[in-house]
Amino acid sequence: MPSSVIKYFSYDQANGTLKIIFTTDIVYLYKKVPEKVYKLLKASGSKGRYFNTYIKDKFKFQKLEEE
1 MPSSVIKYFS YDQANGTLKI IFTTDIVYLY KKVPEKVYKL LKASGSKGRY FNTYIKDKFK
61 FQKLEEE
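Be aware that the sequence shown starts at 1, since it is given in the working numbering, and climbs by one per residue.
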């Protein structure tokens, strides 16, 4: 999953939460994210562009401690 912005991401289907670890090691948990959004992020050729367009400022989030 090469990306210049996103280091790692995972999805918790039971809770609808998307965890994203950025290359800066800052971790965000996005809430009530539909599974379709996660799958499209996973399939996207540009994770950063997809994130900026379809996730950033679209879902409530919580900043977690750095990994």
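Read the hints as simulated data drawn from the structure, not as lab findings.
One or more of the hints may lead you astray.
[Unchecked claim] Listed next, the in silico SDA-like pairs over lysine to any residue satisfying Cα-Cα at most 25 angstroms (straight line):
| no. | residue 1 | residue 2 |
| --- | --- | --- |
| 1 | Lys36 | Thr17 |
| 2 | Lys63 | Tyr8 |
| 3 | Lys32 | Lys56 |
| 4 | Lys31 | Ser10 |
| 5 | Lys60 | Ser10 |
| 6 | Lys36 | Tyr8 |
| 7 | Lys31 | Phe9 |
| 8 | Lys32 | Glu65 |
| 9 | Lys60 | Tyr11 |
| 10 | Lys63 | Ile6 |
| 11 | Lys42 | Tyr54 |
| 12 | Lys7 | Lys32 |
| 13 | Lys36 | Gln13 |
Going through the hints against the structure:
no. : hint            : in the structure
1   : Lys36 <-> Thr17 : holds, 12 angstroms
2   : Lys63 <-> Tyr8  : holds, 15 angstroms
3   : Lys32 <-> Lys56 : holds, 13 angstroms
4   : Lys31 <-> Ser10 : holds, 12 angstroms
5   : Lys60 <-> Ser10 : holds, 16 angstroms
6   : Lys36 <-> Tyr8  : holds, 18 angstroms
7   : Lys31 <-> Phe9  : holds, 13 angstroms
8   : Lys32 <-> Glu65 : holds, 20 angstroms
9   : Lys60 <-> Tyr11 : holds, 15 angstroms
10  : Lys63 <-> Ile6  : holds, 15 angstroms
11  : Lys42 <-> Tyr54 : holds, 13 angstroms
12  : Lys7 <-> Lys32  : holds, 21 angstroms
13  : Lys36 <-> Gln13 : holds, 11 angstroms
Checked against the numbered hints given earlier, this structure breaks none of them.
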